[in-house]
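A.B. asks: Protein chains in written order, with my numbering: chain B, 9 to 274; chain R, 73 to 341.
Source of the hints: derived by calculation from the structure; they are not laboratory data. Do not rely on the hints blindly, as some may be mistaken.
[Stated by the list, open to error] Label pairs and their computed distance ranges (CB to CB):
hint : chain 1 : residue 1 : chain 2 : residue 2 : range
1    : R       : Ser150    : B       : Met220    : 48 to 56 angstroms
2    : R       : Lys89     : B       : Leu269    : 41 to 49 angstroms
3    : B       : Thr12     : R       : Asp97     : 52 to 60 angstroms
4    : R       : Glu216    : B       : Tyr62     : 47 to 55 angstroms
5    : B       : Ser63     : R       : Glu306    : 57 to 65 angstroms
6    : R       : Lys89     : B       : Arg17     : 25 to 33 angstroms
[As the list claims (entries may be wrong)] If we take Cβ atoms under 10 angstroms as the criterion, some of the chain R residues that face chain B in the derived model are:
hint : residue
7    : Pro104
8    : Asp154
9    : Asn173
10   : Phe180
11   : Gln236
12   : Met239
13   : Phe244
None of the values given here were measured: they were computed from a predicted structure. All residues carry an ideal CB built from backbone N, CA and C; glycine is no exception.
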Amino acid sequence: MRRTPFIERVRLFGRAGLDIVEALGRSGLFLLHALVGRNGTGSSALQLLFKQLYSVGVLSLAIIIVSGIFIGMVLALQGYNILVDFASEEAVGQMVALTLLRELGPVVTALLFAGRAGSALTAEIGNMKSTEQLSSLEMIGVDPLKYIIAPRLWAGFISMPLLSAIFTVVGIWGGAMVAVDWLGVYEGSYWGNMQRSVEFQGDVLNGIIKSMVFAVVVTWIAVFQGYDCEPTSEGISRATTRTVVYASLAVLGLDFILTALMFGDF
Amino acid sequence: MSSDNAYAVELKGVTFKRGLRTIFDNVDLVVPRGKVTGIMGPSGCGKTTLLRLIGAQLRPTSGAVVVNGQNLPSLSRSELFDMRKQMGVLFQSGALFTDLNVFENVAFPLRVHTSLPEEMIRDIVLMKLQAVGLRGACELMPDELSGGMKRRVALARAIALDPQILMYDEPFVGQDPIAMGVLVRLIRLLNDALGLTSIVVSHDLAETASIADYLYVVGDAQVLGQGTPAELMESDNPRIRQFMKGIADGPVPFHYPASDYRRDLLGDA
Chain B
9 MRRTPFIERV RLFGRAGLDI VEALGRSGLF LLHALVGRNG TGSSALQLLF
59 KQLYSVGVLS LAIIIVSGIF IGMVLALQGY NILVDFASEE AVGQMVALTL
109 LRELGPVVTA LLFAGRAGSA LTAEIGNMKS TEQLSSLEMI GVDPLKYIIA
159 PRLWAGFISM PLLSAIFTVV GIWGGAMVAV DWLGVYEGSY WGNMQRSVEF
209 QGDVLNGIIK SMVFAVVVTW IAVFQGYDCE PTSEGISRAT TRTVVYASLA
259 VLGLDFILTA LMFGDF
Chain R
73 MSSDNAYAVE LKGVTFKRGL RTIFDNVDLV VPRGKVTGIM GPSGCGKTTL
123 LRLIGAQLRP TSGAVVVNGQ NLPSLSRSEL FDMRKQMGVL FQSGALFTDL
173 NVFENVAFPL RVHTSLPEEM IRDIVLMKLQ AVGLRGACEL MPDELSGGMK
223 RRVALARAIA LDPQILMYDE PFVGQDPIAM GVLVRLIRLL NDALGLTSIV
273 VSHDLAETAS IADYLYVVGD AQVLGQGTPA ELMESDNPRI RQFMKGIADG
323 PVPFHYPASD YRRDLLGDA
């Protein structure tokens, strides 16, 4: 096999860098056009938003609730097994609540959202592109960024923090089921320690801020990948994969940065 | 807006490149107002690209695309969307909205761009569907329609707002003989009755020549020839003659450029 000359490799590396910068610029303009300026869809804007809130938010409820319960249960079980060695099993409620509020609620919800709703958004928009529905909208004089993209973006921005809150609540409830009902931790300690140690601003608010940031990033990646994909079945499949991979990596990377900013001692 | 202009669409020195490939090289083309203009050429010569340039879905690398007196590449995004309300496009695939039924697909432009009462929208939609012979299919979803029916619904949707310019992208592909005859007559009738300007992009020679007032033959990134169908049939240009008469051997190659056939099969032996 012919070896690629060094200068060619440098060129390809530079090309890849330029492509990334170009895609970032394109996605920035895409977000700006979708969210800023006159809507043009008139009174149907709210209707479109509600439809998307249903498909992006309500239809994600099942996976969020089931995952939340199991993660809360596992956390309580693991926490109890560790804490019981130090006779501190009464603190299991506090541990479950803080873990869910600060980390697992926003992060796991974002990962599940990317897999369930994000991939669906990419595939749906990609399919609209390949069947010329987006072109057709343009030629009817309707901006697809306002009519198709904006409601999906707003639906993601609104529903993910709510899903994250639901995930956390059912997780804490799942934890109580295992710790209190199954392992016999005193109910008053479970809820009392939790109430005493959880701060609204430090824990609840920071968790909400995290989930809002993740909501923007995951939904943005999902709709952009769909809009920017190559309009073939292979292109849509690659874009869907990219959505899940990029969104997951972005969530985990941003989580570290946000955690460092919110809870790090600098 | 200077819609008094004799030409609805003017392409002036348009060059369009995709990557390193030149699709159009300094092309000049005008579409007379109120006429049916056919744009013909072999597959892959850029006919659909030409429609997308006229619809401003693509920007030319250089040159001007003037529609109703306005140079499209110089318009802002919102001006462009306003401009497109004067145009209708029939896409090759139909491009119906898959989450809306036939009635709602045709009603869509009316709902978005007008504030007509529901009864009037219903009447207009039924009239448009009647014109394409699909009033009885108004409750069906797009996935319940054949390819030809989808295209006819898309035509009803394209004329819903009574546009000034109507563009057809390969309208005759996949139509059965009955639907084909109806569609050919319909394009002519719509053009004359509504005073439209129609642009038909197609490689179906007989059908396009039978309704077009003026024809362009494109190929090799150029306009190879233009004139009335009768003039082009009598053209001396060997490329145009080959296309108009459907001859396999001629200056337009049937085969994609390839290495020597004998060597490909037998190797160097």
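A.B. asks: Taking the beta carbons of glutamate 216(R) and tyrosine 62(B), is their distance inside 47 to 55 angstroms?
C.D. replies: violated, 24 angstroms
A.B. asks: Lying within 57 to 65 angstroms: is that true of the beta-carbon distance serine 63(B) to glutamate 306(R)?
C.D. replies: holds, 59 angstroms
A.B. asks: Does the Cβ distance between serine 150(R) and methionine 220(B) fall inside 48 to 56 angstroms?
C.D. replies: For methionine 220(B) against serine 150(R), whose Cβ atoms are near 30 angstroms apart, the range 48 to 56 angstroms is violated.
A.B. asks: Hint validation: phenylalanine 180(R) versus chain B, beta carbon distance must be below 10 angstroms. Holds or violated?
C.D. replies: holds, 7 angstroms
A.B. asks: Would the hint on phenylalanine 244(R) be counted as holding, given a Cβ-Cβ threshold of 10 angstroms to chain B?
C.D. replies: Violated. Min distance 18 angstroms.
A.B. asks: With 41 to 49 angstroms as the target window, see if lysine 89(R) and leucine 269(B) comply at their CB atoms.
C.D. replies: This hint holds: roughly 46 angstroms between Cβ atoms.
A.B. asks: Using 10 angstroms as the Cβ threshold, decide whether methionine 239(R) counts as touching chain B.
C.D. replies: holds, 8 angstroms
A.B. asks: With respect to the beta-carbon atoms only, verify the hint that threonine 12(B) and aspartate 97(R) lie 52 to 60 angstroms apart.
C.D. replies: violated, 33 angstroms
A.B. asks: Could you tell me whether the CB distance from lysine 89(R) to arginine 17(B) stays inside 25 to 33 angstroms?
C.D. replies: This hint holds: roughly 27 angstroms between Cβ atoms.
A.B. asks: With chain B as the partner, please determine if glutamine 236(R) meets the hint condition of a C-beta pair closer than 10 angstroms.
C.D. replies: violated, 13 angstroms
A.B. asks: Using 10 angstroms as the Cβ threshold, decide whether asparagine 173(R) counts as touching chain B.
C.D. replies: violated, 15 angstroms
A.B. asks: Against chain B, run the beta carbon of aspartate 154(R) and see if the smallest gap drops under 10 angstroms.
C.D. replies: Constraint on aspartate 154(R) satisfied, holds at 7 angstroms.
The structure does not agree with the numbered hints 1, 3, 4, 7, 9, 11 and 13 stated previously, though it agrees with the rest.
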